[in-house]
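A.B. asks: Based on the hints, put chain F in the right spot on chain B.
Residue numbers (our numbering), protein chains in the order written: chain B, 729 to 1036; chain F, 729 to 1036.
Just so you know, the hints here were simulated from the structure itself, not pulled from any lab data.
Incorrect hints may appear among the rest.
Just so you know, same-sequence chains aren't split out, so a pair can sit in one copy or run between any two.
As the list claims (entries may be wrong) - With a straight-line Cα cutoff of 20 Å, these simulated SDA-like cross-link-like pairs (lysine to any residue) come out:
id, residue 1, residue 2
1, 948, 829
2, 977, 1003
3, 901, 1007
4, 977, 861
2 protein chains.
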Amino acid sequence: MLALSSHPFPLLSPLFSSAFLRFPSSSTRPSSAIASMARPPTDFPYLPPADRDLMLSLLTTVEDRLGSALLPSNVSPDVLRFQNSNGSAHGSVNIRSGSQSSPVDFVLQSWLNCKTPGGGEINIASLFAFLNSSTDAPHLLFELIHGSPTSIVLIMDLIPRRDLVLHPDYLDKFYQQTDLDGPRRHLDSLPQVSPYYSSSLFIRSVLSPTSIAVSVDFGKEGEASAMEEMVAEHIGGAAKKIVEVWLEKCAGVRVLGVAEGERLELERRDELIKRKAVEIDLAANLPRMFGPEVAERVVAEIQMAFRV
Amino acid sequence: MLALSSHPFPLLSPLFSSAFLRFPSSSTRPSSAIASMARPPTDFPYLPPADRDLMLSLLTTVEDRLGSALLPSNVSPDVLRFQNSNGSAHGSVNIRSGSQSSPVDFVLQSWLNCKTPGGGEINIASLFAFLNSSTDAPHLLFELIHGSPTSIVLIMDLIPRRDLVLHPDYLDKFYQQTDLDGPRRHLDSLPQVSPYYSSSLFIRSVLSPTSIAVSVDFGKEGEASAMEEMVAEHIGGAAKKIVEVWLEKCAGVRVLGVAEGERLELERRDELIKRKAVEIDLAANLPRMFGPEVAERVVAEIQMAFRV
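Same shape as in the complex, but just chain B (with noise of 0.2 Å):
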């Protein structure tokens, strides 16, 4: 097993569940609304560079595409930076969250970057997209935990909304025609790249039949270099082709109107998705990075807005 293995987080990532942090759009920090006029940090400033172009380049394509349908972020100060006492942890949590009239639920963007006891160091960048009950689309889903020069977890996937066995058409629509196989199956061709099977039987519940969760390993011997030229641009592609679907056959199409008894159905499981991601992720994995003060109120912070 990868060294990776024995990071603090047991599932994919804190931030697999921060992605689905919201604030409403009715909060009144006064701080917050001016922070929010200007554009939200984007620099990454700890990852490693090739992670940091990739992150910049997906995040502008979706930012670009999705243009008016996003608002301006209202996430408050100390969630847009924050760290831990002594200084070792920092991170970074951004969220837009779509217009009224968009089927956008909200947009998040995230890094962290934690020191380890070995003299190493994590750094985990995310970009997650969700969409609202208007749609039954899929969410994106999108998470780089690069937990050595030459070894990193990688976590893609259009997470679906649907039962998969009870909706063969959804399978068909938006994973068989837009051949989401084909980057797996590449990444799967590699000879660095093998498998990774979450801890959380419920995490892998949640992904999709085409979704990419991987260990990339270059070995102790390994150069940096090759890493690099790994995200840039075997992960770059797959990733860039993933973002495509999701903006093309997802989050692009004119919302057709789902009925009202579908709508509460996807929401009970979204919110279900939701609930069990702050229990099991979350609420005990953020206490280890950020010390307790920290977690606390970013958790409390979390429930509020999942109202759960």
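C.D. replies: Showing chain F alone in chain B's frame:
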């Protein structure tokens, strides 16, 4: 990729579909009725010894534990044993339905043997045990596709009957508390084992997050005896654990009663699995193995039994 990947079955195998074969208990075929009184053929004559020993062990365990919950076989002789016109492919499918008071729908055992153009042969052994809609407990799936003396594909799972995202308690009860991920992790740790991805996204969607879907390959230079040891020890150990969980937690528990609306949804879900299995698997593959005449007869009987 393994040479096995090019075998003629793009999905799990034809038998993954045949698993759903069931003749109505109201069948009025005199010859079948006579055949059903004898113990069905359980000798798996073409299988490698370790495979045969394992299949017989699993089958005996299931039949002994289910006891009178299983009715005598009602399968006609030309399904109990069949072959293609030139005798290069042989097969057997046997099914025992569950009694009226039992949660068991049917137990199916089967084997297929098929000579390949290169002078080799493929052996497929399967054991499937499905429950009816009086319970929502998982179905049992076990399949061993022996493509050469030193390579196999193995599929083992308890197939969920519910959307696991909407039913985390179900996931916890049948998969987490039973530690079904343990056997998967063990096989995953062996160097000859790698993941196997069905080319059908639907089949992948049917499987659970602890499903074992792997290729085992000792290479062209490998010894058949090493594979025999693998089957007897590692695969056998995993299979027995999974069958034991199924018998104890799924088939062997008192049925508490599933509400009428839920029964209909369970039946609709099971029917979708059966319908898609016939459509994308059996109807496409059986002709290649047994020629159009045998295949048509078998498929027609299955479709009649499935009412699809």
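A.B. asks: Hints first: check each against the structure and report whether it holds.
C.D. replies: Comparing the hints with the structure gives:
1. 948 / 829: neither (50 Å within a copy, 60 Å between copies)
2. 977 / 1003: Neither way: residue 977 and residue 1003 sit 27 Å apart in one copy and 27 Å across, limit 20 Å.
3. 901 / 1007: between (32 Å within a copy, 18 Å between copies)
4. 977 / 861: Only inside one copy: residue 977 and residue 861 sit 16 Å apart there, 36 Å across copies, limit 20 Å.
The structure does not agree with the numbered hints 1 and 2 stated previously, though it agrees with the rest.
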